[in-house]
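Start from the sequences, fold in the hints, and give me the full structure.
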Amino acid sequence: MTEQPTPAPIVEIFGLTKRFPGVLALDRISVAFRPGEVHAVIGENGAGKSTLMNILAGDLQPDGGEIRIDGKPATIASPLASRTAGITVVYQELALCPTLTIAENIMMSDMAARSVVSLVPRDEMRREARAALTRLGMGTLDPDTKVGRLSVAEMQLVEIAGAIRQRARVLVLDEPNSALSKRESDRLFDIVKQLRGEGVTVIYVSHHLKEVLDLADRITVMRDGRTIETMDNSGLSEERLIRAMVGRELDTARQWSLQAEARSHEAPVVLAVEKLTAPGLDEVSFHARAGEILGIGGLPDSGKDMLGEALFGLCSRHGRLTIDGKELRGGDPQASIRNGMALVPADRRGAGALLTMSVANNVVSASLPRFSLAGFMRRGAVRREARAQVARLDARISHLGQKLATLSGGNQQKIILGRSLVTNPRVLVLHEPTRGVDVGAKAEIYAILRGIAGEGVAVVMISSEIPELIMNAERVLVLRNGRISGELTGAGINEEAILARAMAS
Amino acid sequence: MTHAVRTGARAPATDRFTLARLLRAREAGVFIALLVMCLFLSFATDGFLTSLNLLNVGRQVSLLGIMAVGMTFVLIAGEVDLSVGSTYALSGLATGMLIIAGWALLPAIGAGLLTGIVIGLINGVLSTYGRLPSLIATLGMLSIVRGAALILTNGQPVTVNARNGALPDVLASFGFMGQGYLFSVIPMQLVFFVIVAALAWLVLSFSNFGFRVYAVGGSAKAARVSGISVNKVKISAFVLMGVLAAFAGILGLAFLPSSQAGRTGLGLELDVIAATIVGGASLSGGEGTILGTILGVLIIGVMRNGLVLMGVSPFVQELMIGLVIIIAVGIDKWSTRRPT
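Each protein sequence line maps, in turn, to chains A and B.
Under our numbering, the first sequence has 130 at position 130, and the numbering climbs by one with no breaks.
Count along the second sequence from 1, add 1000, and you get the number used in our numbering.
None of these hints come from the bench; they were simulated from the model.
Backbone N, C-alpha and C define an ideal beta-carbon position, used for all residues, glycine too.
A hint or two may mislead.
[Claimed, not checked] Every beta carbon over 12 Å from chain B, so not counted as near; a handful from chain A, in silico:
#  : residue
1  : P9
2  : D63
3  : G65
4  : P79
5  : L96
6  : P98
7  : E104
8  : A112
9  : S115
10 : F189
11 : D324
12 : A346
13 : R379
14 : R396
15 : N424
[What the hints assert, rightly or not] Simulated restraints, written as ranges between beta carbons of each label pair:
#  : chain 1 : residue 1 : chain 2 : residue 2 : range
16 : B       : T1050     : A       : C315      : 28 to 34 Å
17 : B       : N1154     : A       : D123      : 46 to 52 Å
18 : B       : P1107     : A       : G401      : 58 to 64 Å
19 : B       : L1256     : A       : S118      : 37 to 43 Å
[Stated by the list, open to error] DSSO-like mimics (lysine-lysine), calculated; alpha carbons at most 27 Å apart, straight line:
#  : chain 1 : residue 1 : chain 2 : residue 2
20 : B       : K1221     : A       : K146
21 : B       : K1232     : A       : K146
22 : A       : K403      : A       : K442
23 : B       : K1333     : B       : K1221
24 : A       : K146      : A       : K182
25 : A       : K182      : A       : K193
26 : A       : K275      : A       : K193
27 : B       : K1333     : A       : K146
28 : A       : K210      : A       : K182
Following this line, the structure appears as structure tokens:
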């Protein structure tokens, strides 16, 4: 942060655009990264940060605009091209080989650059790896340890060690410390400062505003696929950053939840959770009433993403759950369904949907006993139910036998919603209910959820998209470090309030 | 640890726990199992612990061993090759037919090996650039190659002898390769196995190529971002497998100079994969060693031999081999927590 004439940027981005089906992920963004600076990129989920990083990593190709490296127009056609240009991206999900040792992982690009018929220089590898680890203050780690045996934090540092060894000129850290302890992240910050001193550009993507303010020389705020502003980090406050990240008008639908809040205040409690403890969650207690949409917000590492699975019994848990006063025994999904809970998981492709099966079979797949007789599917009943759900949810399909994989994200989500409804839930838990869904279908899904709540179901909406919570929930719980850090109701629900409770450090 | 220690001595914490590490190694379990089996057989039978019998076991496992060495590369690279039994048959037959046609030994063997190379190349290209899972690609090749062998021979047995047209000196050298003994003691097949295994061990453990094989199988993504050409490495592994299967097939014909396309090497791929997996290679890639594979091959060989010496029926032998596969891999999975 010394006073110097502004150096020429090492990586410059002009009017970069990236379009995904139904979403404009990057909308003509421009930003310049200078040598030897720590440049933080912040923004809400969906602001376009990850897309930008993936383009820099060579994993995605932009649809328009220009990237200049050292002032010359460049295309980053592949991950290899990115590394050759001196850019190293350390992702949250790491590119390491668990079956190889630390030394072998750190030296992998070295090995790739050498001749196939050369020998493996074991001693040199070990020595170099140890040197790289020592630079990160991890000299006590044995370079011969298999990476698969390390903690996530150690893996992250190993990946950074590899990046340092390759003399990366631009080091992109994507949420680098979400898995690190306080001490480990302190060490990481020291390393970042050290690298900056050596002229390395560090692009730092983070949700933790306090760290960003501590660490960054400049901060770029992204929102809705656009770069809003790039600020020098002097005299900035968390409030200032939050305001830049938010800056959005409220939707009219907010009105609905304000009215609904008044309505449902007296409604009976349907779901009561006492001291729920599970991986990432620490004695969380709350309740949801009939007819309300309860929003759950928080940062990616707050425990929010485990809540749905924990409630539904997909992971081991402790604590007491009751539905309509009846205690939920046996923490398995079958018991949850039997007792009136339904889950719409976030990971539609992996966990949520039977993509290779038909619409009709997906709709009944959570309630098979009701639709089978002596071991045979009651095809007539299946089709009747499927037709009813498709009509109710206004899902656009060509016929009931259509494979789910061929539907759009929004229509897939509606079918999965339909599957939950067939089980006649008292509690409907949704995790990222509109992820990968285009704007039009989003609004439809919101309307459907309000309708379901209106029938007296308690709807629990876990979401990373704050506007979605504001628009639909009459009450919002914010999680941080596995605990509830705040409860907002009615007019108190706004972006600043949610972010402040999610991030306060 | 202090700086002084770290820079001064090259001996890190590793070396202090050599014994513990040795015991923790995947091979240790297989080795102990083999040892126990050998001890038991030494006491339970008269014939087991004689140099003649042990060399005999060595000869019996050699062809399986040569192929298992190739399979080790393929499995470590994260792929599998089901076509090796058919390659074994076709390459042997090709060499045999050329010898009968009056070819000299080396060109005939070269042509047989070339068959293996081409099959390996096809397997590799289909499984990488062709984007087929190798299980499917090589399953297809299993049938195609077997079919080619049947067409080539018209389903008739091929017998390599002078009456069918083989030159006498070619026949003699060819027979020596399969049936001969080095220093009149060590079976030539075993000599070839030892050479192949030693070379493969050097390549896999000490060469840059070996490193790439492990990297590609351990995490294709990590290998790719490091600049390793994942496809080339995998194709090379398949080609190596093809050559070794062909070589084993040629030796097989040299040992038993009659072969039939419909029978030879039928189901052999399963024995090869079984031995490799008992030796610690993982079907999910990234893991396996030549030493482990040799031990896996020996376990199966010693067990067959021991059961014969004890007069156990061949039917029971099959069953026992199956148990060994499940127990050997099971011990590994149940006793250690695997990194995920």
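For a C-alpha distance cap of 27 Å, please report whether A:K182 and A:K193 respect it.
Holds, at roughly 17 Å.
Given the range 37 to 43 Å, decide if the beta-carbon distance of B:L1256 to A:S118 lies inside it.
41 Å, holds
Given a hinted range of 58 to 64 Å, is it respected by the beta-carbon distance of B:P1107 and A:G401?
Holds: the Cβ-Cβ distance is about 60 Å, inside 58 to 64 Å.
So the hint says 28 to 34 Å: do the beta-carbon atoms of B:T1050 and A:C315 match that?
Since B:T1050 and A:C315 have Cβ atoms about 58 Å apart, the given range 28 to 34 Å is violated.
Does A:L96 really sit off the interface, with its C-beta more than 12 Å from all C-beta atoms of chain B?
5 Å, violated
Over 12 Å from every CB of chain B: does A:P9 meet that, or does the non-interface label fail?
24 Å, holds
Quick one, are B:K1333 and B:K1221 close enough, alpha carbons at most 27 Å?
25 Å, holds
A:P79: least C-beta distance to chain B exceeds 12 Å?
Non-interface label on A:P79 violated, nearest chain B Cβ at 4 Å vs cutoff 12 Å.
Are all C-beta atoms of chain B more than 12 Å from that of A:S115?
6 Å, violated
A:P98 and chain B, when compared Cβ to Cβ, separated by more than 12 Å
5 Å, violated
A:K275 and A:K193: Cα distance at most 27 Å?
41 Å, violated
Please verify that the nearest CB of chain B lies beyond 12 Å from A:E104's CB.
7 Å, violated
Going down the numbered hints, you'll see the structure goes against 4, 5, 6, 7, 8, 9, 16, 17, 26, while the others check out.
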